[in-house]
Structures are given as structure tokens and as C-alpha cells.
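Enquirer: Okay, here's what each chain looks like letter by letter:
2 protein chains.
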Amino acid sequence: MKKIILKSVLLPKASGAVRADILVAGNRFEKVSTPLVPSDYDNAEIVDCSNFAIMPAFYNGHTHAAMSLLRGFADDMELYKWLSEYIWPTEAKLTPDDIAVGSRLAILEMIKSGTVFFADMYWHREQTMRVVEEMGIRAAIGVTFAEPLMTAEAWANNVEFLKNHTGESERVQLVVMPHAIYTVGEEKTAELIELAHAENYKIHTHLSETVLELKNCQEKFGCTPVEFWKRLGGLNSNFSAAHCTHFSASDRKIFAESGATAILNPCSNMKLNSGIPQIAEMLKDGIKLGLGTDGDSSNNNLDMQEEMKTIALLAKYLGTAETLPAEEALKMATCNVANFFGLKAGRIEEGFLADCLLIDLNNERMVPCYNVYSNWVYSANSGAIDSVMCNGNFVMRNRHVEGEDEILRDARECAKRLKS
Amino acid sequence: MKKIILKSVLLPKASGAVRADILVAGNRFEKVSTPLVPSDYDNAEIVDCSNFAIMPAFYNGHTHAAMSLLRGFADDMELYKWLSEYIWPTEAKLTPDDIAVGSRLAILEMIKSGTVFFADMYWHREQTMRVVEEMGIRAAIGVTFAEPLMTAEAWANNVEFLKNHTGESERVQLVVMPHAIYTVGEEKTAELIELAHAENYKIHTHLSETVLELKNCQEKFGCTPVEFWKRLGGLNSNFSAAHCTHFSASDRKIFAESGATAILNPCSNMKLNSGIPQIAEMLKDGIKLGLGTDGDSSNNNLDMQEEMKTIALLAKYLGTAETLPAEEALKMATCNVANFFGLKAGRIEEGFLADCLLIDLNNERMVPCYNVYSNWVYSANSGAIDSVMCNGNFVMRNRHVEGEDEILRDARECAKRLKS
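Protein chains in written order, with my numbering: chain A, 128 to 547; chain B, 128 to 547.
Just so you know, not all the hints are guaranteed correct.
Since the list gives no way to pick out one identical chain from another, each pair is judged satisfied if it fits inside one copy or across any two copies.
As the list claims (entries may be wrong) - In silico DSS-like cross-links for lysine-lysine, where the CA-CA straight-line distance does not exceed 27 Å: (1) K458 x K134; (2) K543 x K134; (3) K458 x K208; (4) K140 x K208.
What the hints contain is simulated information worked out from the structure, not anything from laboratory work.
From just these sequences and the hints, can you work out the full model?
Expert: This is the structure in C-alpha cells:
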């Protein structure tokens, strides 16, 4: 079994940071707070970490990876104009090969900013799954359903794909992803809930993103989006939803009691003028909370560190200066998302999956270092990440990711075609 | 005269980006859109910029540089507890040497994140001035006034310092900085306005930062902080104020008409639960707007790129998705601040001071590159900056700043003493 020893790494703890020698065996942390013995060093690769702090890697709870190809394609405009005049006509040009190119660019960006897992809602999922396997990270790949955009045959293919558990692996899981209440009706949603239950899949969807969605849901179904999902029996600990920007007090109570997880996307919500999540109230009501970046075309990056700082600041603005301390904000970007997707990950603890970041303590934003959590959440940016480990393997070392030049070249060529 | 040619750099324009050869002569851009002739190359250093876009450098309109030593010292707590139990007792330990150490750390952080100018409000200003000269950037150094914290002698010394224009230079200017309405009373404020007018200084102060400040101002002076400054005749185009978080509609009108500049600090305002600036309304009312980071102990960094993205997102949240497009947000972080401080800077144009950033187009966050402004404001972070030029000289190249190891070492030693 492959062994790596992270020697003399600064290990943050609630009580203060300590130096530790951490043993990674296979794809797990085998020893974190347990002293190593001489035999632990047999056949182990020893990595000098005296200049590094270790942090959990990020788990991105909501994105559309291949939309990286549309980063900056159109900005600063009203949502419907943006979608109908710019995004949809260009997306229509995307081939399966383009999806692979865009997924590679997205995963490169994720690794560089410390993300080792993403929940993806998009099309041509086989391409994205292939690239995830190839680049060494993890994903929950959505099998996406949207009635107006799919033929009956495509819908049936999706269902088959799920029934066969196609392509599931150590690092890739499938997730049932009805796009939203306004694209999948009551009957079809009920069918998907049943399918997810029968095949033991998680469900992930867009929920309560805009005021318009709320209004239309009320008109069509006579209830809020949260009530819609509750009524159909889909709201439980296997359910997570992106955005959740406009929950009523009653929605928050229902959602908290169900054990479902809300994946907040504050940067995208602000940029598209959707609103801001009521993070302070959600925390008070005990809703399980994670973070996601949304896609590159509406954020315009996949940087979970930035999303984490943003939600921490919004929480203090909406609550008090004491709301959502640094360590709690970090959990929203790490273990809270991992937990929902059934991964024993997102903490540097014995028995957890060996996913982590080595943070450069010689980065000026990490100095002085009274509190590593504070520096990581409020001061640093992703440029302070030296190395990224996923499943016991380094996917970035000394800020280098294998094949990055080719990935950028392919993305540029593809973008040139899309623009023309 | 020293000459540098930035060869084949990507020059963003409103109409799209073009490749250009830019001639820097002395401390100015001599040719930007004018084609070079053979004699321009005589004795010129030629820098291959085919992998770079050029952007204006950042001008930080409000900070407390040496507070870098207190980064992460205490977070996530109510303002008064934070100040009285943590910040003030520790600041009392700071020696003039510590201020030099802290200023060096702050300026290192600024250069790394693309800032070449800062307006500083702090103590032991001679130390900070010395470090600014030494490290090659620009500053507007505050001569800070706060009645409860100063002896009559210290106050008089400050006035003498200003009357003598002590230490002013090509890159350093002095600014009259009464700390705030709650620390400098009516009579003393009037005296400082007169002094600034007589000696041709700008004025900079904290204004309308918290609801408590508004309440106390109303009780003590029977007016809002903006009305207080107007009444004393201090509100004009030589006046700028940090924060401006709580302007009434009438305050906005008065402020806009006066020609004064509001320096917004959204990250600090959110983190300390002070509120958020009403950016959409301020834009509508035509107030001159710039950006600042506030100090490292309340932000917790000096990253103007982050501040720029944050204000752009808040503007869209508070206004519409069309409010404050990327290029306008960039101006708030660059030329708008430079303009207030009387610098012909913050634009890549002929005759402007040669301050600029070279942005790495091979950074994954700059790919694809449909719109350089969009990528720079919404997608990238300061890690995409390869080089920083100030006054015609490179202060960072290939992400290296001279003396950075020593700066970090000194800051760590100082922090150890402060913590003990």
C-alpha cells in the first residue's frame, strides 16, 4: 500500500495549531494525532511540510463545470437576456468533445484553487465523468432532467443510465438532478423521487433561486418550492438544493426539520441580482448548509475560498460580527458538502479520505499566523495553496498540475470557434 | 532617461483588446496607442509581454498599513470588545520600529496584490514614509488627529509637521486626517479644515461608518456626519471619507453636490457588521466613488482585486444585474482614487504615470479571454499578477519582490512579542 508521510506539517486545531507528522496510507489518513513509529517510515515517501499548514480540501456543492468555456462571454446584463441571447445559442454549439475540453479547464481551475470534488449539473455527462477519472479528483455527476429541453427518448435513456449505475467508481457517483420546478413538473418529479429512492441515489436541484420562481410556483402549484418538494415526499436527508435564496420562515422550518442540505452560492446570486441567502436566519434555524460556486459563466470562477469568505462576510452583515466564525465557514466549504454526498472526508482526521491542501506559510497573507483558520478564511486567497492531495495522491505540487498547457490551449481553440 | 518597451502586450479597450508596444520613458507612459519608431528602441529595455495583459495598478483609498501585524489577532467578535480587549492593548505595545516592520509587511502584501499607492491613517508616520520611499511605491500619508489619544504637544507637533510639509517627495504626499467625528470635536475640526486649505492639503476621515456614530452625532451636534462637515465648510473636492456606509438620501445629495469622494470599504464593513454601502443609490446620485481595504486586522487583507469584485457584486445585488459593469468597478479601484489624490494615474494612457500590472494570460482564470476586463474583475484573483510597475520601475517581477524573506521574518518576530 502506497504511503506518504507529511512531515512537520502545521495542523490547525480549535485549541491552536500544532506540528504533526501525518501518515497517509492508501487513500486514507492513517495517523494524524498518533505518534509515528519507525515501521511507519518503511517504503513511505516523506514530504517535508515544515513550511506548510494542512487544511481540508474544498468540496464544491453546485456547479456546471463545462460552462468554463463561457467564462466572461457575457456579463452585466439581465438574466433572461443573458440566457436567451448569449448563453443558450452558444451552448447549442457545444459538442461532446467540447464538454471534455470545458470540464478539463474547470477541473484544472478547481485543483489550482484547492477543490477535489464537485457536484455537476450539465449535459454530455459521460465526457465529464471521463475527465474526472483522468484528472484524479472526485465528482457527483448529475443525470440532469429538464422536460422542455429533452425528447422522451433522452429522458428514458437518463433513467436507464441511472438504473444501470453506469460508470460509478471509487471517485465518481451519480446523482438524480431534476433541473428545477419550472422545468420538471409534478408528475415527473414524483417519478424521479421514486427512482432515487429505489436506486439509493441523492437528489440535487435548483431551488428558490429567484423571486420569479417563487411567484410562478405559487401560481402553478399554490405553494412555495420547498412546500412543493415536501408535498411530493422528496425532502429528506438525501435531498440537497442549490441557491435557496428566498426561503420564507416556514420554508426554513420545514427544510431544517427534513434534514436536507442547502448549498448556497452567494457570488452567483449577487452577480445575477437573484438576492442573497438569509444565512444568519438559516444558521439559527439549524439548516444543514454547504457551499457551491455555480458555473464559471455566472460567478465567474470556481474558487471555493472566495465563496467561503463571501458567505462569512454576508453572515456577519446579516447577523452580528460573531455570526459564522472562520472555522464554521470552512466547514460549509468542506465537510458539510462531503457529508451530504456520503463521503467520509473534509476533515484531517484518522480514517478520513486523504484529501487535503498544503498551504504555504511563507505566503505574505499567512503572516503573522496567530490563527491559521482566520488567515485561511479571511486573509489568504487560493494562491497560497502549494499542493493538493486527493484520495492519497498529489494532483498538484508546487502549484503545477499535469498537462495544464494543453488544457489551456484546447480551451482557447474551442472558445475561438464558439465566438465566431 | 530610462526607457522600457512593453512589447506585444494585450491592451484592453472598451471596444475590445488589442496588441500594443508601449513605451515607458522615465516615470510616464510615453507611447501607448502611437506606433513606435526605430529610435524609441535606442537604450530601451525590451520586455516580452506576449503572455501578458496590461492593467492599471490599484490605488488603495483607505488603510492602516502597520496593522498588518495584527492580522487575525482577534476576529468574529463585537467591535467594542475587539477594540478594547484585543486591538488597543496590543497597539499600545507597538514601537516605532514595529511600525516600520508592519508597514513593510503591508507594502509587500500590496505589491503582491497589485497596489502601488495607499492612503494611510496611523501613527509614527515617519516610519511608514521611510518604508514607502524604500520599497518604491506611492502613498498619501495621514497626519492623524484624535483628541482623546493625543497630548496638546503631540497635536502641535502634527500641525508643525504639516506646516513644514515634512518629508513630501515625488511619491509621498501628506494628508490631513482627523480620525472621526467622535474623536475630533467641532472647534478642532474647523481648525484642521483651515490648515488644510491654507497649506493646500487634502482631507481624509472616517465618516458614517456605523449606526452608533450616526446616533451620537445626532445627539451631540443635531445633524448627520455629512451635515457636520458641510456646516464647517469642509465638504468639497479636496475632501474624501472612508466607509460612508449610512448616508441618508439627503446626505447623498449633499455629498454628490460637494464634489467630495467616498472611499468604500465593503469587506471591512461586512466583517465588522457595520452595514453595506448603498452603492447602487450612490451611483445614481452621482457621488464620486473609490475603494479602500481598511486595515489588515479588520478585512483581513489589503487585496484591492477582492474589494473590487465585492463592490461589483454588492452593486448588482442592490441594483440590477446591469449595475456597475466590470470596467466601472475597475475605475473605483484605480483612477478614481488616483484622481482624488491629484495623481495623473490609474489609466494606461500617454502622459499618465507609468504604474501598471502585467497579468498572466496563461493563468487558468484568464482563459478563455472573451473580455479581459470581465476576467480581471470577476474571475481572476491577485495570483494572476506577474509583474507590478510603479513610477516606471518594476517593484515585482515574476511574482518576486526584493527582500520578501527578511520582511516576513521580521514580522513573525514582532508578532511573537506582541502575542506574549
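Enquirer: Each of the hints needs a verdict: does it hold here or not?
Expert: Structure-based check of all given hints:
1. K458 x K134: within (25 Å within a copy, 46 Å between copies)
2. K543 x K134: between (46 Å within a copy, 24 Å between copies)
3. K458 x K208: Answer is between: at 26 Å across copies they meet the 27 Å cutoff, but 36 Å inside does not.
4. K140 x K208: Answer is between; shortest inter-copy Cα gap is 24 Å, intra-copy 48 Å.
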